[in-house]
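Colleague: Each step along the sequence shown adds one to the number in the UniProt record's numbering, with nothing skipped, and position 311 is 311.
Hints listed in this document are in silico derivations from the structure and should not be mistaken for laboratory results. Heads up, some of the hints might be wrong.
Stated by the list, open to error - In the BS3-like style, the derived pairs of lysine-lysine whose C-alpha atoms are separated by at most 30 Å in a straight line are:
| no. | residue 1 | residue 2 |
| --- | --- | --- |
| 1 | K219 | K330 |
| 2 | K72 | K237 |
| 3 | K134 | K153 |
| 4 | K237 | K254 |
| 5 | K153 | K245 |
| 6 | K132 | K153 |
Predicted model only: the values in this text are computed from it and were never measured.
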Amino acid sequence: MKKLFAFIILAVLFFIYPFPFTTLPDDWTLTAKDQIRTHVHKDKKKVAVKSAGLGAIHLNMPRKDVEKQLGKHQSVRRNPYNSLWYVYHQNYRQFVLLGYSHNRVAAIYSNSPQYIDNSGVGTASTLAEIKKKKGQPLMIEEGENYRIRLDEKYILNYAADGVRTTYFYDHFDRSVDAVMVLSEDYFQQKKRFYGDPSQTLARSYERLDFELVNASRVKRGLPALIYHDKLSHTALKHSRNMADKQFFSHIDLKQLSPFDRMTADGIVYSRAGENLAAGQVSPLEAHNGLMNSKGHRTNILLQEYRQLGVGVAFNEENMPYYTENYMTGK
């Protein structure tokens with residue numbers, strides 16, 4: 001009884017004092033939370049979902065109806081919701097990610113103006129305008145086994161009527177750059193803040209990040225980049241090094257720069273650059289953060305670049321490290 005009481009006290013403290021980018025560290029703490037919630041989840045039914053969506057795509061829409069509009073998906077990527085993103089686009093135009101549950105739409109993401117304009121914030125040019133239209137965003141994200149303070153300045157999260165909506169704001173363009181809509185049931189499939197990290201998830205994140213970069217470039221009239229396997233290997237080694245050695249820098253512990261690492265791997269370039277991100281839950285959030293940083297944005301949108309390599313690695317706390325290496329060959 002005393003042990004259970006201690007469990008409950010500790011669990012309550014975690015509820016009251018959330019820590020940024022931290023999941024509950026101990027199995028016995030998780031056990032306490034499970035004990036507290038047993039009676040809640042035992043008879044829990046699916047949350048009723050209010051009709052919501054982006055453009056002509058809405059939650060609970062049959063997959064066959066989606067594909068009549070969008071055609072066949074271009075690729076499939078894993079996501080932190082213990083599920084899959086189906087990636088739809090026409091040479092990166094009309095870029096849409098969809099998640100399905102029982103062959104019905106349960107998750108939507110798009111950076112395409114035709115979908116954003118129908119989201120209710122298409123004309124908003126400031127964060128204040130979005131908040132005026134939608135109210136104050138969530139300050140805390142809570143899942144089954146975690147509670148996190150949300151501190152991304154340009155990402156606004158909302159939850160109402162069985163629907164989770166996220167607005168990704170671009171402060172350089174002064175507009176909403178992308179929107180994500182999830183059913184509450186789909187969101188709750190994510191048991192921990194970073195989902196269930198694995199090598200498979202890391203490889204999916206690399207390809208999804210590449211697709212997000214191209215979607216942002218094509219949206220702004222720039223040519224899509226080509227995925228470069230050798231450059232990706234260089235990027236992955238740096239992400240793994242940062243994750244394993246617990247540092248975050250373009251200059252590694254051997255004092256090698258991104259250009260030193262590329263040259264050492266036999267990569268010949270006329271122009272090159274590197275973007276780094278760490279701690280964002282998935283490539284969607286990482287990409288938004290990079291697009292809102294002047295130097296990183298310059299790399300993403302540089303007209304002269306032709307190739308991109310991406311490497312993603314998780315550290316012991318399951319936090320992802322992202323490395324993007326850009327280049328133009330000689």
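Colleague: When the hints from earlier in the document are held up against this structure, which numbers fail?
Modeller: Result: hint 2 breaks, nothing else.
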